[in-house]
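Chain A is fixed; fit chain B onto it per the hints.
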Amino acid sequence: MHRLWNRVDFAFSSAWQNFWRNAAVSIASVLIVWVVLLALGSLLLVLHSLDQIVALEKTKASAISVYLADTTPLSSAMDFKLHLESDPRVTAVSYVSKDQAMARFRQLPALDPSVIDTLGTNPLPASLDVTVKDIRDLGAIDQAVRLSPLVDRSPATNYEPNVIDKIILLARVAGIAGLVLIIGLTGLSVFIIMLTIRTAIYLRRKEIEVMKLVGATDWFVRWPFIVEGLFVGVVGAVVAVLIVGFGYHPAVVNLQSVLIFVPLSFDQYYLRLVLAAMLGFGLLLGSVGSYLGVRRFLKQ
Amino acid sequence: MATVMSAVPQISLQGVHKKYPNGTVALRDVTLMIPKQDFVFLVGPSGAGKSTLVRLLIREEKVTEGKIHVEGQDLSRLKRRHLPFLRRKIGMVFQDFKLLPNLTVFQNVAFALRVTEGALRHLKPKVEEVLSIVGLEGKENKFPDQLSGGEQQRVAIARALVHDPRIFLADEPTGNLDPATSWEIIQLLLQINARGTTVLMATHNREIVDVMRRRVVAIESGQIVRDEDAGGYHAPALESR
Chain A
1 MHRLWNRVDF AFSSAWQNFW RNAAVSIASV LIVWVVLLAL GSLLLVLHSL
51 DQIVALEKTK ASAISVYLAD TTPLSSAMDF KLHLESDPRV TAVSYVSKDQ
101 AMARFRQLPA LDPSVIDTLG TNPLPASLDV TVKDIRDLGA IDQAVRLSPL
151 VDRSPATNYE PNVIDKIILL ARVAGIAGLV LIIGLTGLSV FIIMLTIRTA
201 IYLRRKEIEV MKLVGATDWF VRWPFIVEGL FVGVVGAVVA VLIVGFGYHP
251 AVVNLQSVLI FVPLSFDQYY LRLVLAAMLG FGLLLGSVGS YLGVRRFLKQ
Chain B
1 MATVMSAVPQ ISLQGVHKKY PNGTVALRDV TLMIPKQDFV FLVGPSGAGK
51 STLVRLLIRE EKVTEGKIHV EGQDLSRLKR RHLPFLRRKI GMVFQDFKLL
101 PNLTVFQNVA FALRVTEGAL RHLKPKVEEV LSIVGLEGKE NKFPDQLSGG
151 EQQRVAIARA LVHDPRIFLA DEPTGNLDPA TSWEIIQLLL QINARGTTVL
201 MATHNREIVD VMRRRVVAIE SGQIVRDEDA GGYHAPALES R
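Order-wise, the sequence lines are chains A and B.
Residues in the first sequence are numbered consecutively from 1, following the working numbering.
Residues in the second sequence are numbered consecutively from 1, following the working numbering.
Next up, chain A with everything else stripped away, as it sits in the complex:
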C-alpha cells in the first residue's frame, strides 16, 4: 500500500514541480492542446448542426404537402385522402387545415408573429401531407396529384427534387471534410505535443539518467511525465470546454436570427457529449504525447 502511495505521491509532486519549473514549455503545450480541442469541439458542433438540418430535410423529403384549393369542400378532401391512402407506395396521409397551417407557420423560429398578424386574412392553403415509403416514388405521386381538380394551382405541391439532392450531397461532403480535418488535427497535435514534451524531457534527461542508475523501473520514470501530460491536457481542455460550453448557445441564437429558414437548434445533450469528448481527448493527447516523448529516453 505504501509503495503505491509513494508512487502516486512521487508522480504527482514531481509532475507538479516540473510543470512549473519549465513553465514556458508547459504553457506552449497547453496552448496547443487548447487550440486543437477548440477546433475539434467547434467542428463537432458544426457537423452536428449540419446533421440535424439534413435529418430534418430528409424527413421532410419523404413527405410532400399537396396544397388544396380553397374551394375544395372538406368531404371531397377526405375522399381524396382515402384515395391516396389506398396507394401502396404511401405510408400515411394527414389533413392540415388552413388554421393548422397558419399555426405551424407561426412556429417557425425567429419569425416575428406581429408581421403575420398584419396580413389580416389567412393566405395559406389547407393541405394533405403525404408520406411515402421510398423517396424515389415522390416524383410519380407529385405527377399524379397534380391532375386532380381539387388541388391548388399556385403551387400544387412543395416537391423540390433538386434542393433535396443538393442538401444530401452537401452533408456528405461536409461530413467527409470534417472527418479528414479531425484526423489531421489529431495526428498533428499528437506530433507537436510529443515534440514539446520531448523538449521538456530533454531538459531533464539528467534526472532520468540518475533515476535509472539508482534502479528506478521504467514505469516509475514514466509516470511523472504522463501525469504532467495529463495536467497539460486537463488545463488545455478546461479552457477550451469553457469557451465552447458558454459560446455554443449564443452562437446558435445569433445564427438563428441570421439564417431564418435554416432549422438550427440548440442541443444540450449533444453539447454535453462534445464537452466530455473534448476533456477525454485532451487527457489522451497529453498522456499519449508524454508516453511517446519519454520513450526515446528510456530506451537508451
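Take these hints with a grain of salt, some might be off.
What the hints assert, rightly or not - Covered by chain A, according to a simulated footprint, are these stretches of chain B (three or more residues, beta-carbon under 8 Å):
1. 83-91
2. 226-233
Stated by the list, open to error - Here are the simulated DMTMM-like pairs of lysine to aspartate or glutamate, each with C-alpha atoms no more than 20 Å apart in a straight line:
3. 60/A / 85/A
4. 206/A / 60/B
5. 89/B / 218/A
6. 206/A / 96/B
7. 133/A / 87/A
No lab work stands behind these hints, which were simulated from the structure alone.
Note that the coordinates shown come from a computational prediction; the quantities given were computed from them, not determined experimentally.
Quick reminder that beta carbons are idealized off the backbone N, C-alpha and C, glycines included.
Structure of chain B alone, referenced to chain A:
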C-alpha cells in the same frame, strides 16, 4: 583478496568482447573474477576500456561476446524489467558526481530511495544514517553548488549507499578532486569495503594506487595486461625497487 577465490565470485567476466556499433573495439577477451568483499583498482590509460567495463557491469551496455555474471545473475539473459533490481544491489559514483542541482543534499539522497519505492517512513532515518557515514551532518539543506567537490562526491557516495549495495563501483571518483580530498574519498571507500561491500574503482590516480597496495587490474587497449594482489599503478618491472 584475490587468493581467496574458492567461493563463487560475486562478479565474473568470461571471454568478454565489446564492440560498439561504430566499430570501436573497447574490450577483447576479458576474463576477470572478483570475490565478495574484494577491493580492486582498475587502472589503465584513457580509452583503455575501464569505463566500458564498468558500464557492462550495470548493463548500461551489453556484451558483444562472452558472459558476465553479477550476484549470480547472467547479465546477457537478464530481462529489461529485472534490470532495476540488479542496479539496486550496485552503488555507483562517477567523476562528475551526477547530482541533481535543483535538489538539496537530503533530497538528492532521498531521491534514490523514493524512485526505488522504499517506504516513506523509513526514508528520513535512512538518509540521515548514510549522510552521517559520509560526514555530511548539518549540510542536509545545502544545494550541490553550495558544496565543495569533495562534499559533492560524498553526497553521491551517500546516495549510492542508501540501498545497502553489495557492490560499489566508482568510475574515476577522484578525477575532479585535489589530492587531500581524494584521500578522504578513498578513506570512505575503504570504510565501505570494511563493512563487507565489494569495491571496484577505476582510476588514473597513481599515488593512491601505489600507497594502498590493493589488488590492481590493469587494462590496455581493451585487454587485461596485469592482475596482481597488493600491486602498484605500474608493472613491477617498471618500478624502481
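Check each numbered hint against the structure and report the violated ones by number, ascending. Number 2 - this is the single hint that the structure violates.
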